[in-house]
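Asker: This is what each chain is made of:
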Amino acid sequence: MTSATLSAPRRRRRPRFGTVMVYVVMIAITLLWITPTVGLLVSSFRPADDVKTSGWWSVITNPERARFTLDNYRIVLGLPLPDRPTPGSGSRVGMEVALLNTLTVALPSTIIPILIAAFAAYGFAWIDFPGRRALFILVVAMLVVPLQISLVPILRDYVALQLGGTYLGVWLAHTGFGLPLAVYLLYNYVSTIPRDIFESAFLDGATHFTIFTRLILPLSMPALASFAIFQFLWTWNDLLVALVFLGAEPRVQVVTQRLLSLLGQFGQDWHLLTAGAFVSMVAPLIVFFSLQRFFVRGLMAGSVKG
Amino acid sequence: MRPTREITRSPAANGIGTFLSTTIGRLLVSLFVPAITFVVLYQVFIFLRDTQIPQWITAIIAILWGVGGVLALFTISNYVIEQLGPSWRRRLIPFVFVGPALAILTWYLVLPTIRSFIASLYDARGINFVGLDNYIYAFTSQEMLQSYRNNFIFWMIFGTAMSVGFGLLIAVLVDRTHPVFETICKALIFMPMVISGVGASVIWKFIYEYRPTGANQIGLLNGIVTALGFESQGWLLLQPWNNLFLVIIMVWLQTGYAMVILSAAIKGIPSDLLEAGRIDGANEFQIFRSIILPSIQGTLITVTTTIILFTLKIFDIVQSMTGGNFGTQVIANVQYVQLFRQVHNGRASAIAIILLLAVLPVMYYNLRQFGKQTEAFR
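Sequence lines, in order, name chains A and B. The first sequence begins at 1 in this note's numbering and counts up one residue at a time. The second sequence begins at 1 in this note's numbering and counts up one residue at a time.
What the hints contain is simulated information worked out from the structure, not anything from laboratory work. Here the structure is a predicted model, which is why all the values come from computation and not from measurement. Heads up, a few of these hints could be off.
[Unchecked claim] Reference listing, derived: stretches of chain A covered by chain B, where coverage requires no fewer than 3 residues with Cβ under 8 angstroms from a Cβ of chain B:
no., stretch
1, 93 to 106
2, 141 to 149
[Claimed, not checked] Beta-carbon label-pair distances, calculated as ranges:
no., chain 1, residue 1, chain 2, residue 2, range
3, A, P218, B, L293, 39 to 47 angstroms
4, A, F198, B, I136, 51 to 59 angstroms
5, A, F198, B, P361, 36 to 44 angstroms
All residues carry an ideal CB built from backbone N, CA and C; glycine is no exception.
Chain B extracted, bound-state conformation (with noise of 0.2 angstroms):
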């Protein structure tokens, strides 16, 4: 009897055995590692959180466990999709390798521009359906026209034209002296560019610093304007310019950047057309005016458009400098004004969407010029 019991068992028991370490088994092993994964992915994760260790182990933990564990996460996904048969996996591989990424877009990006929406029409915790009070708040208010005011006059006018403007001057002056000279300079003036809103703020401050006409001044503005006989001037206080003079500092950061690429686009202009030009007797500003500046068009849109929408959500050099008093509020600092100081988070809301609507013409304009230029990337 055993051996056949053995005989008439053993081909389930092999038919179990590999119906387990086939289907079952994989999708074991499937569920397995990612919870093991998963597990100790969340202990670390406690364990930063509360831990008292020093900052520097803290440090270096949470850097390893941050980025080995979006590695991990992603070799695991594959590995778990390689058990499965060979038409699951080519259904489910995209996903290994997009759905992260459109996970997190949707869930920072995509999903929050529906919420927000749906926030501004409710009232400052939430909870009761206002219509459309947030919005009549947003363009009635004192702050936001004076936002509006700032933002789109000082900041996205004066501020885009002086970057711009600046940065086309240098580009082309700088075009003409020796390359180390070039270079030197282009350094120089691009440097800023690497310095945070908060930093070039600090910076300023001993610009515009004011003290009373007679005492020593430590703001350079003040100690010239002194120096030349004049009273000393409250510079940031001074309504409406001292805008004027927070947009200073943007274009201070900026205009590295407009010099950078603008300068490249001239560089790309054919030698040989400017030759030309000079060989049919175009003085130099006709040869700027009918040859470089239809060549560098393009580049001009892009660089315009991109430091529109850095003044249009501009933030921090007004945080820093003046809180947005004294008459110098901007939209972006009125959102982080409701959102932490008054806590009315339909407020905050409506004045992202008008944020959005403000960017969205503008960005639309700067992607369809960057497609055409793509190549700048390579």
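This is chain A alone, in the form it adopts within the complex (with noise of 0.2 angstroms):
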């Protein structure tokens, strides 16, 4: 499990027969498995009638009918189309508040349980206290409860809190489902940087704090990094915790939402569904392309997430 990139290191190939028909394969299957997006991003560009009359790979077979727009995307984000009155804010599909809202949903979700775990594992791994390892086994012991289990209590102690349809109440709610597997990882990282680096700064008069701000935090970036990837991604393409927490408010709804809504109501708006979808997968494209191998390191770590 060393070489847990996608950018393996290359070993050496013997030829052999047989190699040709490998290759097709491995063809057909890639070709098969990215079709259903590459329909998707076509369907995209191509003007409302056409999407709802023809199907995508009509723009193949008959490329000399094929007509692009990106009319879609303009409306799905709120944009003036030019050639078209905008429509009223009755019909607003508003992805961009959804997509802003997402961000706000996703950033304090990933970094906020970051913050907690990290602290939470260095008390963990380099401060003696008693029932320090009953302790540890309890936050462990929490991966196996599904997050299921919770939306009823949650649920009641927000409507008493009145934390329900806040930001503040998702960001607790992701941070309490991320904080065992964030506690374990960090924890296995944390264990293992050397105790002299440690001993040096104690000598020096340093407090767990300091050490922990100022040695343990820059040290553990990698690690950090890894479980921060896997994290943004999964609070961004939530669904649940967004329906259970969040609500039906359309001010706060996040892209999976308001995309959830956009199904329900299909039948007329195939052309914004669409974009819509892409629009939804934009940051995780972007994150997944520019931090593959963070991402598939902290991915095979944080299989476990419960």
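Using the supplied hints, reconstruct the complex from the two chains, each of which is provided in its own coordinate frame.
Answerer: Here is the structure:
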């Protein structure tokens, strides 16, 4: 599990019978895998009438009739259309608002659990206190609890505390659900940092807090980054937590919720669905292609999310 | 007299001064600073909740407030504890570090497990004790029985087998190709992994969409079927096979995950081991069965259990494709429906407990395997 990247180191290949077949099969599988996404991408640039009346592949089979437009993207992002009046606010898709909301949900929902988990990981790994082992086992045991368990009780608390429909409520929920894994992974990392590093700092009179912020946090960056990417994608793509704790008000809805309600009312809005879906995928795809190496590593470590 | 009084007072005054600046002073500061912080954080929270200012400003303030607030809480609680004497400091400092995590975990996971169990013994609104009624519902109702069938047979068995099978096949095949070709193939097959379940559902609506035979098809599958001269099908209405069509979406998402991890494991097999097998005259299939498969067994178990966990908790694909209608209901979706449409807290809690019990053994196994492989994180 050491060469955990997509671009793995090359091993000496021996020429063998059937190599061509391997290439043919791999090309076929890869094409099969990207066809659905390509179909959506093509559809998102086709005019509304075309999307509704013909398959996206007619762009290839009937290239002379193919028409392309950016209108779908303009509509879902609330931008003015060049040749038509902008649709009234009643028919707005509001993907731009949802995107901003998603960012508002996903960024703190990524950073807050990491901060809290890093502190906890350091505490469990390097500070001696009674009950340390038992408490750490409790944290790891929480990995088995599916988040569905907390929906009813936490919803009840949120009603009492008026936290329903607030970002704070969603951040805390994502923090709670992400913490067991974050603490566990960061503990594994922090506990392997050589003891000598601490000892010289302690001799200089540094406190735990200073050692943590000055030494441990910078040293743990690779582990923090791996988990951050994983948690960011998880919170960005999440539907259930948003549906339950953020609620139905359009002002605070995230992209997955917007997309779900577009899916519900489709029939006439196929063209908006295409562009909307693509807009929702932009951030994860950027993260994926720019941070692939970290992403794969975090994914392998993060395979046990509860 | 005056000077004497001065003299007699001054030690006491000094004492009080010292006392103030040490114990009470510190105590006051200790209480005052956090109090101010809480007030400020709370005021910003109220402001954010009720504000009408432009969205993007709210977003920025919210992010700064959330992240800054957490940092401030840690810094201040550390500051407060450092004002105390050394013995108290030593006793309390661990809880500056692990306290917040434990508090949130207790609130969000530890207590809810107990509270859900209690709620599962009460009625819809949590007022009257109903004993095991909710569990009787959970084990006899039409929708839950259907969910068990779908979750365990279609999602868990078919879904996991297909994801892991495809992932392994691709990992083995791609290992024999040129590194550049390999990287491109892997990235493209892996890409769906970062797409949300809802996004994937939109993509697959354009595969499964039904139009009557003879009309212009806009769903790819019916486009192919009609081009071959068959009747077009309402794929999402064909019970029980529509489950399989939903499972395929999950397979499309998860195969990349299985592939990447299995591929890394395959690359970790020492090449002289494979070489030795080839010199002994083993064919490629024998090498796969006798060398590759045993070497990656641990990874294979991790991948399988991880995908099983994913299938047991599957929600968003079903919710966005069919809403659980047409015989495609799953456990997590029934819980959601019970929670929001039926507003039946007792049943929703009972279903959550069942989900926990279903996940428990798999998760235990997964964690044990994972414990042996934590070096993957470094």
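Asker: Would you pick out the hints that fail for this structure and give their numbers low to high?
Answerer: none
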